[in-house]
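Chemist: Once you know that position 93 of the sequence shown is 93 in UniProt numbering, the rest is easy, because the numbers rise by one and skip nothing.
What the hints contain is simulated information worked out from the structure, not anything from laboratory work. Note that this is a predicted model, so its numbers are computed, not measured. Treat the hints loosely; a few may be bogus.
Calculated cross-link-like contacts (lysine-lysine; reagent style DSS-like; alpha-carbon spacing at most 27 Å) [to be verified]: (1) 207 with 253; (2) 145 with 208; (3) 252 with 208; (4) 145 with 134; (5) 49 with 65; (6) 65 with 134; (7) 201 with 145; (8) 120 with 134; (9) 201 with 253; (10) 253 with 46; (11) 65 with 120; (12) 252 with 46; (13) 145 with 120; (14) 211 with 201; (15) 207 with 252; (16) 253 with 239; (17) 252 with 145; (18) 145 with 49; (19) 211 with 253.
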Amino acid sequence: MKKEAKQYLRWLVAGALGVAFVDAFVLERYFFRVRRYHIGDQRARKVFKMVLITDLHLRHRLEIKYRRLAARIRALQPDILLISGDAIDQYGRPEVLDNFLSLLDTDIPRVAIPGNHEHKNEATLNDICRIYQKHQVDLLVNATKTYRVQDTSLTITGLDDSIEGQENFSEAIEGVDQVRYHIVLLHSPLQQESLLRQLRKVNRNRKKGEKLNVSYLFAGHNHGGQVTFFGLFPILLPKGAGNYVNGWYNDKKPYLYVSKGFGTSTVPFRFGARAEMTVLDYHYM
1 MKKEAKQYLR
11 WLVAGALGVA
21 FVDAFVLERY
31 FFRVRRYHIG
41 DQRARKVFKM
51 VLITDLHLRH
61 RLEIKYRRLA
71 ARIRALQPDI
81 LLISGDAIDQ
91 YGRPEVLDNF
101 LSLLDTDIPR
111 VAIPGNHEHK
121 NEATLNDICR
131 IYQKHQVDLL
141 VNATKTYRVQ
151 DTSLTITGLD
161 DSIEGQENFS
171 EAIEGVDQVR
181 YHIVLLHSPL
191 QQESLLRQLR
201 KVNRNRKKGE
211 KLNVSYLFAG
221 HNHGGQVTFF
231 GLFPILLPKG
241 AGNYVNGWYN
251 DKKPYLYVSK
261 GFGTSTVPFR
271 FGARAEMTVL
281 DYHYM
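Let the sequences and hints guide you as you build the complete structure.
Modeler: Next comes the structure, spelled out in structure tokens:
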């Protein structure tokens with residue numbers, strides 16, 4: 001009986017390791033989750049749809065998971081697409097980004113910012129910017145632009161990465177007035193801490209009707225920890241992660257959302273941090 005129990009235990013351990021292996025190398029990498037949230041004024045009937053993707057970490061070829069992601073984005077028919085940095089890995093080939101962008105719908109606004117990996121890639125940021133321009137995607141680097149979305153306007157501020165780049169919020173909001181719908185894209189969620197300080201400083205020096213009205217911040221970078229203890233304790237948080245993992249932060253505006261991202265870095269698998277894309281239904285008056 002003792003021998004049978006040991007054999008059973010060995011099979012149990014082997015089975016658990018096998019399940020963990022399949023989950024880490026296949027399920028969490030290739031079968032991504034679509035997370036959906038309703039934001040804005042929940043009483044409003046009008047809604048525009050934003051899709052947020054981040055940390056694609058495109059490398060040497062366009063894997064099937066990226067084709068599936070592009071197909072899912074097209075099927076969702078968003079009103080605007082947000083790409084919050086690290087679309088290309090530091091070792092990635094720019095033509096793979098070119099190939100991915102060619103799969104996306106060109107009839108909607110698409111807005112991107114750089115992450116730390118864009119700055120570390122052999123291609124210059126100008127080279128990457130030209131690829132985005134080829135596909136009519138705005139790469140906002142410490143810049144703000146307003147987009148027409150359905151029958152309203154959405155102002156988007158995009159910041160440079162704070163780890164490898166030169167984030168400059170003051171430059172980004174120069175000449176920007178108070179608007180009803182204003183969001184900020186940043187790569188690392190830790191950037192929000194300096195951003196909030198600067199935002200308070202800017203608004204202290206503005207009159208009541210001129211204060212910036214930023215409602216949401218959207219970030220990635222942390223991959224949800226990428227490898228966690230069953231989703232509870234992150235193991236592979238990157239440099240500049242701060243005390244952020246994934247999900248919603250801040251109990252008042254601007255609210256921060258941190259995506260788990262889509263690709264991988266450091267190690268080629270995920271565990272307890274499934275790849276995701278995020279759908280944000282923005283209710284407005």
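Chemist: For the pair supplied as a hint, residue 65 and residue 134, confirm whether the alpha-carbon distance does not exceed 27 Å.
Modeler: Holds - the C-alpha atoms of residue 134 and residue 65 are around 23 Å apart, at most 27 Å.
Chemist: Next pair to validate is residue 65 with residue 120; report whether the Cα-Cα distance is within 27 Å.
Modeler: Holds. Residue 65 to residue 120 sits at ~24 Å (cutoff 27 Å).
Chemist: Assess, step by step, whether the Cα of residue 49 is no farther than 27 Å from the Cα of residue 65, and give holds or violated.
Modeler: 23 Å, holds
Chemist: Are the Cα positions of residue 201 and residue 145 separated by 27 Å at most?
Modeler: 22 Å, holds
Chemist: Given the proposed pairing of residue 145 with residue 134, does the C-alpha separation stay at or below 27 Å?
Modeler: Holds. Residue 145 to residue 134 sits at ~18 Å (cutoff 27 Å).
Chemist: Next pair to validate is residue 145 with residue 208; report whether the Cα-Cα distance is within 27 Å.
Modeler: 22 Å, holds
Chemist: For residue 253 and residue 46, compute the direct alpha-carbon distance and say whether it is at most 27 Å.
Modeler: 21 Å, holds
Chemist: Given the hinted pair residue 207 and residue 252, is their Cα-Cα distance within 27 Å?
Modeler: Holds, at about 21 Å.
Chemist: Taking 27 Å as the top limit, are the C-alpha atoms of residue 252 and residue 46 close enough?
Modeler: 23 Å, holds
Chemist: Starting from residue 207, check that the Cα of residue 253 is at most 27 Å away, please.
Modeler: 19 Å, holds
Chemist: With a cut-off of 27 Å on the C-alpha distance, tell me whether residue 201 and residue 253 pass.
Modeler: 15 Å, holds
Chemist: Is residue 120 close enough to residue 134, meaning Cα to Cα at most 27 Å?
Modeler: 22 Å, holds
Consistency with the previously given hints is maintained throughout, with no hint failing.
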